[in-house]
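Keeping their order, the protein sequence lines are chains C and A.
Numbering that gives the first Met the number 0 numbers the first residue of the first sequence as 0 and each following residue consecutively.
Numbering that gives the first Met the number 0 numbers the first residue of the second sequence as 0 and each following residue consecutively.
No lab work stands behind these hints, which were simulated from the structure alone.
Keep in mind it's a predicted model, so treat the numbers as computed, not measured.
Hints are supplied without guarantee of correctness; some may be wrong.
Stretch by stretch, here's where chain A covers chain C in the computed footprint (C-beta under 8 Å, at least three residues) [claimed, not checked]:
(1) 34 to 43
(2) 70 to 84
(3) 184 to 194
Far from chain C by the CB rule (all over 10 Å, computed), these chain A residues [to be verified]:
(4) Gly-53
(5) Pro-76
(6) Trp-84
(7) Glu-88
(8) Arg-116
(9) Thr-126
(10) Arg-131
(11) Gly-134
For the chain C half of the interface with chain A, some residues (derived, Cβ under 7 Å), not all of them [to be verified]:
(12) Gly-18
(13) Gln-46
(14) His-49
(15) Ile-172
(16) Thr-176
All C-beta atoms in this analysis are idealised placements derived from N, C-alpha and C, irrespective of residue type, glycine included.
Number of protein chains: 2
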Amino acid sequence: MTRELTPKGSATRQRIIEGAAAEIREHGVAATTLDDVRTRTGTSKSQLFHYFPGGREELLLAVARYEAGRVLSDQQPQLSRLTSWRAWEEWRDVLIQRYRRQAWDCPLDAVVSQLGRSTPGAQAVLTELLNRWQGEIAAGVRAMQEQGEIDPGLDAGQAAAALLAGIQGGVVIMLSTGRLTHLEAALDVAIQHLRESRDRHPADH
Amino acid sequence: MTRELTPKGSATRQRIIEGAAAEIREHGVAATTLDDVRTRTGTSKSQLFHYFPGGREELLLAVARYEAGRVLSDQQPQLSRLTSWRAWEEWRDVLIQRYRRQAWDCPLDAVVSQLGRSTPGAQAVLTELLNRWQGEIAAGVRAMQEQGEIDPGLDAGQAAAALLAGIQGGVVIMLSTGRLTHLEAALDVAIQHLRESRDRHPADH
Numbered sequence: 000m001t002r003e004l005t006p007k008g009s010a011t012r013q014r015i016i017e018g019a020a021a022e023i024r025e026h027g028v029a030a031t032t033l034d035d036v037r038t039r040t041g042t043s044k045s046q047l048f049h050y051f052p053g054g055r056e057e058l059l060l061a062v063a064r065y066e067a068g069r070v071l072s073d074q075q076p077q078l079s080r081l082t083s084w085r086a087w088e089e090w091r092d093v094l095i096q097r098y099r100r101q102a103w104d105c106p107l108d109a110v111v112s113q114l115g116r117s118t119p120g121a122q123a124v125l126t127e128l129l130n131r132w133q134g135e136i137a138a139g140v141r142a143m144q145e146q147g148e149i150d151p152g153l154d155a156g157q158a159a160a161a162l163l164a165g166i167q168g169g170v171v172i173m174l175s176t177g178r179l180t181h182l183e184a185a186l187d188v189a190i191q192h193l194r195e196s197r198d199r200h201p202a203d204h
Numbered sequence: 000m001t002r003e004l005t006p007k008g009s010a011t012r013q014r015i016i017e018g019a020a021a022e023i024r025e026h027g028v029a030a031t032t033l034d035d036v037r038t039r040t041g042t043s044k045s046q047l048f049h050y051f052p053g054g055r056e057e058l059l060l061a062v063a064r065y066e067a068g069r070v071l072s073d074q075q076p077q078l079s080r081l082t083s084w085r086a087w088e089e090w091r092d093v094l095i096q097r098y099r100r101q102a103w104d105c106p107l108d109a110v111v112s113q114l115g116r117s118t119p120g121a122q123a124v125l126t127e128l129l130n131r132w133q134g135e136i137a138a139g140v141r142a143m144q145e146q147g148e149i150d151p152g153l154d155a156g157q158a159a160a161a162l163l164a165g166i167q168g169g170v171v172i173m174l175s176t177g178r179l180t181h182l183e184a185a186l187d188v189a190i191q192h193l194r195e196s197r198d199r200h201p202a203d204h
């Protein structure tokens with residue numbers, strides 16, 4: 000969808016998405032109808048279909064994109080500034096806190112499940128989120144390598160992929176058991192591994 | 000449910016579970032009815048309700064337990080014998096191969112989603128699977144510590160929890176993207192971390 004919207008149109012569209020996201024967070028995906036979203040956002044049926052001609056599915060996809068963006072923005076500014084061990088530890092704490100608050104519920108997971116995890120739209124949203132997340136972690140690893148704090152021979156992309164897998168798994172286990180132990184273990188072991196890599200291969204400078 | 004079944008009764012019940020599991024693997028959870036299961040397993044309505052008085056939901060829960068058992072048995076005998084680095088690498092390969100074959104589809108995930116991930120029955124099945132899986136990995140770490148191949152000061156339970164999180168995340172990412180990169184990275188980085196721990200703290204013996 001590449002329709003051009005006026006600034007006012009974009010604002011209305013965004014207001015509908017945020018209203019739908021809030022409605023879904025409060026009542027769940029299954030219980031949220033287009034009428035609920037219209038009532039909450041004060042929009043007419045024709046407005047809703049003007050901005051989301053594909054109806055409920057198109058709106059859900061926009062909500063998924065919005066929630067995916069929140070997953071990353073909730074980790075900022077720490078995630079984009081992984082340039083000291085203190086910053087890594089702060090990011091770790093922010094992430095744990097975020098999921099502690101959320102506990103059993105992940106709005107992105109709920110919307111994506113409803114869309115169907117293997118539909119092209121849901122896949123695109125998830126793939127983009129994972130790529131950006133992994134890119135930020137890898138940039139942090141490289142920044143620490145440049146400072147001589149991480150073994151320069153370590154594969155930053157692979158380390159970031161492994162850490163991202165650990166985070167995803169930690170969250171999935173939390174959604175099934177209510178416990179954060181695995182998310183904490185994944186983060187702590189990965190950060191410890193990165194820190195210790197320097198001792199094996201001290202930087203020359 | 001603690002009803003006592005005769006050996007013949009147990010065998011019939013198991014035959015129904017395996018038939019339902021096969022039906023679900025072929026046609027998906029949503030498309031599988033109790034009539035399909037009856038036809039496939041040659042059982043009558045009254046037999047089915049004798050063994051599964053709770054109906055479809057109770058049968059699905061039994062299938063989830065069966066599929067959870069398969070997740071572990073598919074990793075055997077390697078998973079229970081992580082007593083050399085060669086065994087760890089073989090286990091890694093078995094796990095990758097298993098998910099490569101399975102690609103987009105995880106029968107356990109499908110059944111658990113249908114039951115509702117947060118229902119007590121589904122949670123119990125997943126929690127037991129995760130506990131057993133993590134216990135086997137931790138036993139492998141301890142076996143290598145006893146041989147002086149892993150730093151004896153390393154927390155085996157935490158290492159196993161982190162590795163299990165990485166595996167779950169790798170599988171979840173594969174289900175969303177079709178790619179095994181993250182599962183491979185999680186396994187390779189974790190095993191490398193365990194191997195290198197010895198160099199930092201060589202065993203005394």
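**Q.** Earlier hints that do not hold, by number
**A.** 1, 2, 8, 9, 12, 13 and 14
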